[in-house]
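Chains as they are written, first to last, in full-length UniProt numbering: chain C, 1 to 482; chain R, 1 to 413.
Bear in mind the hints are in silico, worked out from the structure with no lab data behind them. On a predicted model such as this, the values are computed, not experimentally measured, just so you know. Heads up, a few of these hints could be off.
[As the list claims (entries may be wrong)] Straight-line Cα separation of at most 25 Å, DSS-like style, residue types lysine-lysine; simulated pairs:
| id | chain 1 | residue 1 | chain 2 | residue 2 |
| --- | --- | --- | --- | --- |
| 1 | R | Lys394 | C | Lys475 |
| 2 | C | Lys471 | C | Lys176 |
| 3 | R | Lys394 | C | Lys424 |
| 4 | C | Lys429 | C | Lys457 |
| 5 | C | Lys429 | R | Lys394 |
| 6 | C | Lys457 | C | Lys482 |
| 7 | C | Lys53 | C | Lys65 |
| 8 | R | Lys368 | R | Lys394 |
| 9 | R | Lys394 | C | Lys482 |
| 10 | C | Lys471 | R | Lys394 |
| 11 | C | Lys475 | C | Lys457 |
| 12 | C | Lys482 | C | Lys467 |
| 13 | R | Lys271 | R | Lys368 |
| 14 | C | Lys418 | C | Lys467 |
| 15 | R | Lys368 | C | Lys467 |
| 16 | R | Lys394 | C | Lys457 |
| 17 | C | Lys176 | R | Lys394 |
| 18 | R | Lys394 | C | Lys473 |
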Amino acid sequence: MPASSFYMIRTARRASQIPKFLSLSRTMTTTAPIIPQDRHGHLPSSQSPITTKMHFFNSVMESGKQIPTYRVLDGVGNPIDGAEVPELDKALAVRLYEIMVLLPTLDNILYNVQRQGKISFYMTTHGEEATVVGSAAALAPNDEVLGQYREMGVLLWRGFTLNSVMAQCFGNEEDKATKGRQMPVVSDFGKKNPTLRRSCPQSLLFQNEIISQHFGSTEHHFHTISSPLATQIPQAAGVGYALKRDPERRGKNCAVVYFGEGAASEGDFHAGMLLASTIPSPTLFLARNNGFAISTPSTEQYHGDGIAARGPGYGIDTIRVDGNDVLAVLGAVREARKRCIESGRAVLVEAMTYRVGHHSTSDDSFAYRARAEVEERKKVDNPIVRFRGFLESRGWWTTEEEEGLKTRLKTDALHAFKRADGLKRHELKELFSDVYGGPEPWNISEQRNELSELLRKYGQVWEPWRKELDKFKGKGEELSGK
Amino acid sequence: MILLRPHVLARLQSSGTGPDTDGATLEPPPAGGHLPSIATSKLLRTSRDAALRTPGLRWTDEDPSGPTRELVGGRETRKMNLYQAVRDAMSHAMMKDDTAVVFGEDVAFGGVFRCTMGLAEEFGQERVFNTPLTEQGIAGFGIGMAAMGHTAIAEIQFADYIFPAFDQIVNEAAKIRYRSGNQFNVGGLTIRTPTMSVGHGGLYHSQSPEGFFLGASGIKIVIPRSPIQAKGLLLAAIRDPNPVIFMEPKILYRSAIEQVPNDDYELPISKAETLIHGSDVTLLSWGTPIYHCETALSMLSSPPPSLANLVPESLRRARVELIDLRTIIPWDVETITESVNRTGRLVIVHEAGPRGSVGAEISAEIQKRCFLKLNAPVKLIAGWDTPVALQFEKFYTPDAIRILDGIMDTLSY
Chain C
1 MPASSFYMIR TARRASQIPK FLSLSRTMTT TAPIIPQDRH GHLPSSQSPI
51 TTKMHFFNSV MESGKQIPTY RVLDGVGNPI DGAEVPELDK ALAVRLYEIM
101 VLLPTLDNIL YNVQRQGKIS FYMTTHGEEA TVVGSAAALA PNDEVLGQYR
151 EMGVLLWRGF TLNSVMAQCF GNEEDKATKG RQMPVVSDFG KKNPTLRRSC
201 PQSLLFQNEI ISQHFGSTEH HFHTISSPLA TQIPQAAGVG YALKRDPERR
251 GKNCAVVYFG EGAASEGDFH AGMLLASTIP SPTLFLARNN GFAISTPSTE
301 QYHGDGIAAR GPGYGIDTIR VDGNDVLAVL GAVREARKRC IESGRAVLVE
351 AMTYRVGHHS TSDDSFAYRA RAEVEERKKV DNPIVRFRGF LESRGWWTTE
401 EEEGLKTRLK TDALHAFKRA DGLKRHELKE LFSDVYGGPE PWNISEQRNE
451 LSELLRKYGQ VWEPWRKELD KFKGKGEELS GK
Chain R
1 MILLRPHVLA RLQSSGTGPD TDGATLEPPP AGGHLPSIAT SKLLRTSRDA
51 ALRTPGLRWT DEDPSGPTRE LVGGRETRKM NLYQAVRDAM SHAMMKDDTA
101 VVFGEDVAFG GVFRCTMGLA EEFGQERVFN TPLTEQGIAG FGIGMAAMGH
151 TAIAEIQFAD YIFPAFDQIV NEAAKIRYRS GNQFNVGGLT IRTPTMSVGH
201 GGLYHSQSPE GFFLGASGIK IVIPRSPIQA KGLLLAAIRD PNPVIFMEPK
251 ILYRSAIEQV PNDDYELPIS KAETLIHGSD VTLLSWGTPI YHCETALSML
301 SSPPPSLANL VPESLRRARV ELIDLRTIIP WDVETITESV NRTGRLVIVH
351 EAGPRGSVGA EISAEIQKRC FLKLNAPVKL IAGWDTPVAL QFEKFYTPDA
401 IRILDGIMDT LSY
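Work out the full structure, taking the sequences as your base and the hints as a guide.
So, in structure tokens, the structure goes:
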């Protein structure tokens, strides 16, 4: 790794220390409300008991405790004593595993193809496979999903093809998801931006660059991703309410909204939780808490006990789950979905993914931790390695199958990549389509004509346009008429 | 609120790091001779002397009641790009004003565009700190500090993500002075935010949202075109008695490089700057497109061979007056009116779409004031009334060829 990248990463980590003046109050312990021993009745139109003891509280848990995390498998994939393994047969387990492995495979291929001939690059396993794939498997295939940007696994689970994935990566003519309108476009990125790739903390870079496609597919009940964070959260409450009003889908489907713990800092998160609880709707909130938003650690995103602590504030059933344990996620989201649909009310699941070995509850444990230690931790917590251990212990998976899977996935992904690479973009006229439904307003029509006229005049003699037109299906001739 | 922050950071950084990528959206046609780009722009002041003689520059260590002095002895300059100049301005502001703080998403480690590099180390984490991801929170927090007489320098990571803060800015920051009968004001609030396109940002990393704030009297909007301008205008914005939104064209962070005076100085708010004097047509812009305008002017006077037969000889000697508006609201109506009354023609260039735009506002005002002097309708060269579509950006963002065409169209009207 070049020196410059090291500098950036170290800088980012130094910044993760909490400024002293901001962290002073952390020396105080958390306390839960105390139930009064003496009976003094309660407030009118309320069940709040009257107490004569002045007591401040800041937690739903008893003093000094954090909300526990639901886990099924230990670090090497053995069921923990007393844990209930969710119902799954070999076929389901193997499919879970295959999609989980497909995610980093896609990462690697997209990444390596971009970087052909460039220096090698340090890679991380980003570790949200269990949360995304495990939750996808717990849902009905037509539950409405509103994602943030790391939920490609949900689409893959639902049968979104590799060709569709690559189409959006390239923004080519087969990209139905956004018609090449939304970022990112992988091919451009790798060629043009080696500097930044090196200078950004990779743990952030990867999800953001490769997996952050702006997918969307009505066929797969997956609403198109938007770059602004958290906007999908209140929308999900509306989607859930619409499902509840639809006689065909009432009691059968729920809305599922994914978001990171950083997005949960936005006002939209609170608005979404509030609406789903006051105007009850079957809306499943799925927070992915991975400890970081860009350079900012979760300790600077919230002072309370994560995202789960907020659920009770809105009267929402809540669970915290080990997001690196696919069976815990599968079991918890199945149950959450069941409650959601049966009660017609919101449920919150906070999946802790701790992918960089960061303790979100500790102020500075991460700051100067040795790289080797982080690496070791990643191996133990790797959700794929962990689930593979489970599969092997059941006799559902062999080394040969592992090799076969890796080769197959790699070949398939590479094939899809190469195919997508050879395709053109959508026609240039798509720049002006889909702004409105119904009759097209005059300004859009006139502007299309204006660009057509400009293309007729300059399309072949203005080099930046001439080069660019080549990349479009039809080379813009549907506009210029040439 | 930055779904794709490192992405654009990446792209941005690529735009000024090597000769092959300089001015990514301003590619000169290789076959068409050497056209000016940001890297070679004559509008940038690359010598100490030129930098120190920047028009309107006022040293803050001199008696403000005295006349502006042109003496430059003893003043030094340093080569800086735009993000370094922004950082330098904030450093000066914090050095002189103990109440000044800098905050926003990821600013503690230097910011995704590096504008706050080292500030936390220099001034401590009580004065330079990260906020959670909440734009309305950032704006509201800044308003609160400013209402207490402090200087709040907030960063919204991308202008595309300023909209959650719209209520705080439009209903609160803009109206506090008026609604409190001038008892309270938030003049100490400055909101910095990267704006405009880099050529491949798509819907949510390419917008120019300045037009949305036009109706919010009480707010000022400033957009610098270069490092010298950024430092002087940002210091003026921070010290202006009104809340200011300071929009920094992100493609210029690295690609625009000048010698920047070391000392604390300000450049005037609400004053446009005439960059090239002319008499036949007024060309008005701000931020990134200023450099596309320069390229277009070069193509007009000496068109590359591929365009030669499209640029009539009769137009090549046209003298075009190029003006940088700099402050978007309240804008310098005097300078623009005076210029258009002389030239009889006005072409406005901006990246935002035309509906409800700053160009539409200026056009309406100028057509009212200069009606009898106009020889052609005011021409607006803008994006389209569509979102900014990623794969189509080269045909969305007004570039030199569209500006050239618009100038010729207006000249031959």
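Outcome of the hint check:
1. R:Lys394 with C:Lys475: holds (14 Å)
2. C:Lys471 with C:Lys176: At roughly 17 Å apart (the allowed maximum being 25 Å), lysine 176 (chain C) and lysine 471 (chain C) satisfy the hint.
3. R:Lys394 with C:Lys424: Holds, at roughly 16 Å.
4. C:Lys429 with C:Lys457: holds (17 Å)
5. C:Lys429 with R:Lys394: holds (13 Å)
6. C:Lys457 with C:Lys482: holds (11 Å)
7. C:Lys53 with C:Lys65: holds (22 Å)
8. R:Lys368 with R:Lys394: Violated, because 34 Å separates the two Cα atoms, which is more than 25 Å.
9. R:Lys394 with C:Lys482: holds (20 Å)
10. C:Lys471 with R:Lys394: holds (12 Å)
11. C:Lys475 with C:Lys457: Holds, at about 15 Å.
12. C:Lys482 with C:Lys467: holds (16 Å)
13. R:Lys271 with R:Lys368: holds (21 Å)
14. C:Lys418 with C:Lys467: Holds, at about 22 Å.
15. R:Lys368 with C:Lys467: The hint is violated at about 42 Å.
16. R:Lys394 with C:Lys457: Status holds; Cα separation ~16 Å.
17. C:Lys176 with R:Lys394: holds (21 Å)
18. R:Lys394 with C:Lys473: Holds. Lysine 394 (chain R) to lysine 473 (chain C) sits at ~16 Å (cutoff 25 Å).
Violated hints, in rising order: 8, 15; the structure is consistent with all others.
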